[in-house]
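Number of protein chains: 2
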Amino acid sequence: MDAEIIAVGSEMLTPQGLDTDSLYLTEKLNNLGIEVRYKTVVGDDHDRLTNAFQAALKRSNLVILTGGLGPTEDDITREVVADVLGRPLREIPEIRSRIEKRFQRLGRDMPPNNLRQARVPEGADWLENPNGTAPGIWLEQQGTVVILLPGPPWELEAVFESACLSRLARLSGKALIRSRVYKIVGLPESEVDRRIAPIYTAYRNPSTTILAKLGAIEVHLRARAASQEEAELLLNELGDPIEAALGDHIFSTRGESLEEVVGMYLTMKQQTVSVAESCTGGLLSERLTSVPGSSGFFLGGVVCYSNELKVKLAGVPADLIREHGAVSKPVAQALSEGIRTRAGASIGIGITGIAGPSGGTPEKPVGLVFIGLADLRGAVVREFRFPGNRERIRYWASQTALEMIRRRVRDY
Amino acid sequence: MDAEIIAVGSEMLTPQGLDTDSLYLTEKLNNLGIEVRYKTVVGDDHDRLTNAFQAALKRSNLVILTGGLGPTEDDITREVVADVLGRPLREIPEIRSRIEKRFQRLGRDMPPNNLRQARVPEGADWLENPNGTAPGIWLEQQGTVVILLPGPPWELEAVFESACLSRLARLSGKALIRSRVYKIVGLPESEVDRRIAPIYTAYRNPSTTILAKLGAIEVHLRARAASQEEAELLLNELGDPIEAALGDHIFSTRGESLEEVVGMYLTMKQQTVSVAESCTGGLLSERLTSVPGSSGFFLGGVVCYSNELKVKLAGVPADLIREHGAVSKPVAQALSEGIRTRAGASIGIGITGIAGPSGGTPEKPVGLVFIGLADLRGAVVREFRFPGNRERIRYWASQTALEMIRRRVRDY
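Chains as they are written, first to last, in this note's numbering: chain Y, 1 to 412; chain E, 1 to 412.
The hints are all genuine.
Intra- or inter-copy, both count: the list cannot distinguish identical chains.
Below, a list of computed lysine to aspartate or glutamate pairs in the EDC-like style, where the Cα atoms sit at most 16 Å apart:
(1) 213 to 155
(2) 213 to 11
(3) 28 to 161
Since the hints were derived computationally from the structure, they do not count as laboratory data.
With the rest of the complex left out, here is chain Y (with noise of 0.2 Å):
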């Protein structure tokens, strides 16, 4: 069975406008181990609705289709549907009964608009809706299942519960998709397909998907089996060759952050970590103190965006700016081993660059950034030259920072 989900609604045609109900629904539906095949949006109007329908059953055997329910004009869904299956729109006596109660039971009087709520495909099932007055409905038409559910979140929700899942459930079969999620620093894209794709083309049970994330590549497995222990045997058989592939690339295999894998490997380690930052301006710290329990390995950090504070908050030697300027090679070592000591961690990070967009020379450009680290064997520091924008280099020069860290702690 594969499902396609239609959301109707014109505010999800605009600038700010997403279809989030889909998301709930493709998560029920997952786990009864059907997959969404297509998402549409489309607007209140009736002849693109139409021509959205009509296309979703020529070519999927579930269409949901989300919102348009409501009491006014501009809801259509109910209408529309009627139309393309040639079913029309009788009034349920029950809904309209539950509806004037409800309106009775907050003290309102029912503007007569809502009884169009009432009217239901012939043939159709209506589905109780607990949180709203516009039911859901379910109907049935040459092997094509379609389901009308209204579009607020917590009446989407409960219709579904109560009234789609277990007869979904019954429709489906026993099949349920689960999926696992790699995190990949360090390699670019094509790369980690080079390595990989001898691997995941041999199976189209678990599906592979290759993504560029900020900061990260991401190998998304998904797999569709009979059973949880079925399908982590599939993922098992496809997932560990591609661990072996991509190597200690692999930061994360549960979907944590980079700054959650540093943190767990410091607790783990009783490691603590404090942090000089010039062009990064405090995201690295930032992103170290959204973990929860962060105070258990970060001690604190310093943003010298001066000079003179380069001086004063880290202990920089002032001669050393002047004689290799703030964004060297020397300064993100100082940087790193001025706040290790004043901080009294085991580690201290050291991050100077230009991130733009202007301050670039033909000699430092933007995007050159320095990073050191500083331990009790001693301080290394790294050159990169990060591609983008201000906001891209200051995050592409946090994740190397934080992966420097991985990398060192996990040696320990």
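Fit chain E to the supplied structure of chain Y, relying on the hints for placement.
Then chain E, alone, in the frame of chain Y:
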């Protein structure tokens, strides 16, 4: 001209997947007077994308496909478009050499599968991508414009701005849509609506939407008009009384973030700021330094998670912490005064609080935050109870600190 957007990528059909590229595109298209009529999400599947693309060609005269232009086997947008339109793919030597040069610049070998990105359907224009290896593609067939854009937002936006915007403006004719966004801080959504509903309900054009964002309420006005001037008149007619009703709670009318507004005020008044953060962990520094040119008004800051670093880096008297606790009014004040003196800034900000999830007590619950502001005139400290989880509490604290700076500097 009516647009339709097809987002290609199986990850957007999972319970975590949203098509957010379409929001950016919708805004840009609306600015050209082009409405988006359908949005479709489809997986990396040849037959299904073929089906979705064919349906779009039949009903829209501008079809934009996003994603699926990567170097890997599961990136199929180029192939499907070429097949459906009957235009074989040809390798373009100039794209090939650009991709090769990009890899040389980054000091990496080009995997052979990247060459797939140099292939373009016959008769199509390719659109330079400054931020990645996949060029965009523009082609016209029987009066319909088809545009292919890379999926990562920084690549999509760069290609669209530089190669599509002005070309579409020439095609789209004269009707246009202009919008205005008021950002409001310090009033709840219901109070904003109470104040402005009597004003906006009298208008269908411009239309009005109120959105609750983290840390701010936004009021969006959308006007449709034949000219820029007419649209501005409409926006002013509705916007002027809205501005009067919301007063100085409006911090932005042109989309600026609160940190950008604070940066402008500080620059204008030639003031500088430095911050000592505890529970916000660097977030306030990070937000201030995210503004290009922030080195002109931001000197630096300290992130003092441990009590020891509050003393060492921000000069908080150890007695004060012993007597009142680290999360207290006097410590917030000492942080603001200490960092102001050490950094030599016009304004010092001190933040101390309990972001959770653990660390709360009945007297000092999770969400309790003290924010101090010190300047030449003296110090003020305010106490807050922010709702929500760790992330939301930290964001609210940084937002409120920015708002305190905005109000203080405005009065200078």
